[in-house]
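Visitor: For the protein sequence lines, the chains are A and B, in the order given.
1 is the number of the first residue of the first sequence in this note's numbering; add one for each residue after it.
1 is the number of the first residue of the second sequence in this note's numbering; add one for each residue after it.
What the hints contain is simulated information worked out from the structure, not anything from laboratory work.
A few of these clues could be false.
Unchecked claim - Partner residues aside, some chain B positions facing chain A, computed with beta carbon under 8 angstroms:
1. Lys-28
2. Leu-30
3. Leu-35
4. Ala-39
5. Asn-54
6. Ile-64
7. Ile-72
8. Arg-81
A quick note: this is a predicted structure, and the numbers were derived from the prediction, not measured.
Just so it is clear, CB atoms sit at the ideal spot from N, CA and C, and this is done for glycine as well.
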Amino acid sequence: MDGAVQVETAATYGAAASAGSGVTPDSMSFEQLLTPLLSPAFGIAMSLVGNAADAEDAVQDAALRALRGFDSFQPGTNFKAWFYKILTNCCFGRHRQEKRRPAAVDLDDVPDLYLYARTAASGLHTVSSDPAALLMEKMSLEQVRAAIDALPAEYRVVATMFFLDDLTYEEIADMLGIPVGTVRSRLHRGRRMLQKALWLIAEEAGIVQELSRGSA
Amino acid sequence: MTPNRLTCEETFRRLNDYLDRALSPEEKRLVEEHLETCAGCAREFRFEMSLLDNLRAKLSRIDIPEDMLARITRRLEEARRECE
Numbered sequence: 001m002d003g004a005v006q007v008e009t010a011a012t013y014g015a016a017a018s019a020g021s022g023v024t025p026d027s028m029s030f031e032q033l034l035t036p037l038l039s040p041a042f043g044i045a046m047s048l049v050g051n052a053a054d055a056e057d058a059v060q061d062a063a064l065r066a067l068r069g070f071d072s073f074q075p076g077t078n079f080k081a082w083f084y085k086i087l088t089n090c091c092f093g094r095h096r097q098e099k100r101r102p103a104a105v106d107l108d109d110v111p112d113l114y115l116y117a118r119t120a121a122s123g124l125h126t127v128s129s130d131p132a133a134l135l136m137e138k139m140s141l142e143q144v145r146a147a148i149d150a151l152p153a154e155y156r157v158v159a160t161m162f163f164l165d166d167l168t169y170e171e172i173a174d175m176l177g178i179p180v181g182t183v184r185s186r187l188h189r190g191r192r193m194l195q196k197a198l199w200l201i202a203e204e205a206g207i208v209q210e211l212s213r214g215s216a
Numbered sequence: 001m002t003p004n005r006l007t008c009e010e011t012f013r014r015l016n017d018y019l020d021r022a023l024s025p026e027e028k029r030l031v032e033e034h035l036e037t038c039a040g041c042a043r044e045f046r047f048e049m050s051l052l053d054n055l056r057a058k059l060s061r062i063d064i065p066e067d068m069l070a071r072i073t074r075r076l077e078e079a080r081r082e083c084e
């Protein structure tokens, strides 16, 4: 992305704002609560709307709506969940046509442990005691993002929320307005699909072949 | 009723919830007890955990547009002034 700034996500937000409980202390101002969430919010918006300009607009819309509606936020509840719910509504409002990116690969019926089995069959388990890390180190951020982008929208959204901000099933369900069981099944199935997408991209880029040569 | 010890199949059925830290403390204990004595399951769980950790580490750095935070902060300040 041109002119982009790479930043850490709000991984410490939970510790700063909620002491791990998801509950927001009463004493924090709107800005103190919002600022650490803007970067991961952009990542989520990117996943939902597909381009940086729309994603920034969606984050800005969400921030403004949150400011205007801050009186309705109940102190002592989860500000992050409240803000991300506003954000997802802004994103979906912008992009009702969620099928803009058809899955690039057939990801139906991916078996459990897909990547484990593939890496084992390719000899990567004899190359490293941590074959998953070995593969991921060789894959670029763009290739990982391309794998996530290959997921159908409903799986991509849940997977993005899970990976970017380590949200619980309940938080994601609340934000998307879907049952907890649906979040759980989409997340688990989405992760299997992601394993296949990662493998196909690694194969196509010659990463698997390169790593396999080390086992010969 | 929760069994005293889990089989490989029962342990595997709990893999995803274990990764998502969605198991009860008792279920988590049972899974970890099995992993201590079953090298095959332990290898599979380690692989899946490493994959998630590595994915999360890679994705945790986000390229945000230059000055996005400043633009949003400015817009929020304007909105505040409009409300006053």
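Visitor: Taking the hints in turn, state whether each one holds.
Guide: Here's how the hints hold up against the structure:
1. Lys-28: violated (15 angstroms)
2. Leu-30: Not OK, violated: Leu-30 (chain B) not within 8 angstroms of chain A, min 19 angstroms.
3. Leu-35: Violated, because the Cβ-Cβ distance from Leu-35 (chain B) to chain A comes to roughly 15 angstroms (cut-off 8 angstroms).
4. Ala-39: violated (13 angstroms)
5. Asn-54: holds (4 angstroms)
6. Ile-64: Because about 5 angstroms separates Ile-64 (chain B) from the closest Cβ in chain A, which is inside the 8 angstroms limit, the hint holds.
7. Ile-72: It holds, given that the least Cβ distance between Ile-72 (chain B) and chain A is near 5 angstroms, below 8 angstroms.
8. Arg-81: violated (12 angstroms)
Going down the numbered hints, you'll see the structure goes against 1, 2, 3, 4, 8, while the others check out.
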